[in-house]
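Visitor: Spelled out from the first residue to the last, the chains are:
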Amino acid sequence: MSKKEWPLWEVFIRGQHGLNHRHVGSLHAPDAEMAINNARDVYTRRREGVSIWVVPSKDITASSPSEKGPLFDPAESKTYRHPTFFDIPEDVGKM
Amino acid sequence: MYAQLVKSDGLKSREEMSPEERAFQDRVDNGEKIEPKEWMPEGYRKTLIRQIGQHAHSEIVGQLPEGNWITRAPTLERKAILLAKVQDEAGHGLYLYSAAETLGVSRDELQEKLHSGKMKYSSIFNYPTLNWADIGAVGWLVDGAAIMNQVPLQRTSYGPYSRAMIRICKEESFHQRQGYAIMMKMASGTPEQKEMAQDALNRFWYPSLMMFGPSDKDSVHSAQSMAWKIKMNTNDELRQKFVNETVPQAEYLGLNVPDDKLAWNEDKQGYDFSEPDWNEFFEVIKGNGPCNRERLNARVKAWDEGAWFRDGLNAYAEKAADRRKAAPVAAE
Ligand SMILES: [Fe+2]
Ligand SMILES: [Fe+2]
Ligand SMILES: [Fe+2]
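Same order as they appear, the protein sequences are chains A and B. So the first sequence is numbered by the numbering used here: it starts at 1 and just counts up by one. So the second sequence is numbered by the numbering used here: it starts at 1 and just counts up by one.
Treat the hints as calculated values from the structure; they're not laboratory data. Possibly wrong hints are sitting among the right ones.
Derived pair list, reagent style PhoX-like, types lysine-lysine, alpha-carbon separation capped at 25 Å [what the hints assert, rightly or not]: (1) A:K58 x B:K46; (2) A:K3 x B:K319; (3) A:K3 x A:K68; (4) A:K58 x B:K319; (5) B:K319 x B:K301; (6) B:K217 x B:K286; (7) B:K241 x B:K261; (8) B:K79 x B:K241; (9) A:K4 x A:K58; (10) A:K58 x A:K68; (11) A:K4 x B:K241; (12) B:K118 x A:K3; (13) B:K217 x B:K261; (14) B:K286 x B:K301; (15) A:K4 x B:K79; (16) A:K68 x B:K33; (17) B:K113 x A:K3; (18) B:K46 x B:K325; (19) B:K33 x B:K170; (20) B:K37 x A:K68; (21) A:K4 x B:K118; (22) B:K46 x B:K319; (23) B:K325 x A:K4; (24) A:K4 x B:K286; (25) B:K33 x B:K113; (26) A:K58 x B:K170; (27) A:K58 x B:K33.
A partial selection of chain B residues facing chain A, derived with a Cβ cut-off under 7 Å [what the hints assert, rightly or not]: (28) E38; (29) G43; (30) S98; (31) V105; (32) D108; (33) G117; (34) K185; (35) S188.
Which bits of chain B does chain A cover? Going by a derived footprint, with three or more residues having C-beta under 8 Å, they are [claimed, not checked]: (36) 85–92; (37) 313–327.
Just so it is clear, CB atoms sit at the ideal spot from N, CA and C, and this is done for glycine as well.
Take these sequences, add in the hints, and give me the full structure.
Guide: Here is the structure:
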C-alpha cells in the first residue's frame, strides 16, 4: 500500500444569484475531475451553487500576514473614495 | 463535547507571556480572527489540532451508529432523510479535517492517530443503537447536545475553525428536528412504540449529559482554552443549558427524563438534575464502552480495504497527467 496522500484543492462556488465564485473550503482528491465531483458532494448538498471551480492549493499565492500594514493601511486615509464623503444638499435631489 | 478532555497547557499570566504572546492575546481579546499563516503560540496550535481533530473524528465515527439503521429505516422517506443526515456528518468531518490541516497536520496523519487509538472521538458514539427509536433519540439528544456546543464555537478565535462551525451549524438544526420528529411519531404511536421511545430516552439521557465533559471542578484544561477563545463556555454551563431546553421537549412527548432528582429551581431559573456516572464516562473514554472496539474496527477496516481504491485513483491521475504532458509533443 502506498502512503501517497491525495493532494489538497481549494473550492470556489458561484451561488444562485449570479455573484462571483466564492471560496468555500478545501478538500482532497486525486485529480481535478474527482475534486469537482467531491466538491459537489461536500459543498453543494443544499443547492448552494450553480458552478464550481477547483484549484490545487499549492498553486495559490497568498499575501503574507506581515505585509498587512504596507498593503492595506494606505487605503485607510482615503475616505474621499466613498460617496458619503461628499455632502450634497437635499435640494439637489437623488444622486 | 465532541471534543472532550482536550489536553492543553496551564493558563499563562500576562507577566509570564513573551511580547509576541501578549500581542497575540490582545488580538484574541479584541475579537480578531487568527488566520493560518499568522504567528500563534505553539500551545494554541497544538491544542487546536487536538480539539479540531477530535471533533472531526467524532463526526466520522458518529456516522456508524446511525448508518446501522439506514437499511432498516421504516419507510423510504425515513431512509432518504437518514441517509442525508449521515452524509452531512461525513461533510462535517471533512470541513473540520480541512480546518485542522491549516495548522500543519495532514488528514491522513490525523486518521492514522485515530486508528492507532492515539486520538479520541466523543464517548457518545460508543453506545449502541438498538432499535429505530434510538435513531430518534440520537438526532434529538446527541445532535441537540452538539448544537449547544457548536453554536458558541462559531465565534471561536481561529478563522478556519470558526468558518467550519458556521457551515456545520447551518446543517445541524435539520438533524435535531428529524430526530425529534421520529420521537413524536413513536411517542404518539402504539403503547409498544411509546415504550420504545421511553427506553431510548432512558439509555441516551446520561450518555448525552456526558458529552459536555467532566464537571468544571474536575476539568483541568479549561482556563487556557477559554482565554484563547477555543472553548467558549464551561462544561457545566452548557450541560445546564441543554437540560433546561430538553426537559420541556421530553414533557411535550409525554416521556419521563430518567432522573428522580430532576426539579425546577426557581432561584437559578434552571433545573436541578443528577450528574451522570463519571466512572462510566472515564471507562468509555479508556476504551471500555459497549461499542469502542466495534467502532474502531469498522473505521480501520474501511480505511484498509479502501487502500487499493485510493491508490488506483492516484495511479490514474498520474497517468493522465503524463499523457497530457506527452500530447503536445506527439502533435508536433
Ligand atoms: Fe455533525
Ligand atoms: Fe453530529
Ligand atoms: Fe449532526
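Visitor: Just pull the numbers of the violated hints for me, sorted ascending.
Guide: 3, 5, 8, 11, 15, 18, 22, 24, 25, 26, 29, 31, 33, 34 and 35
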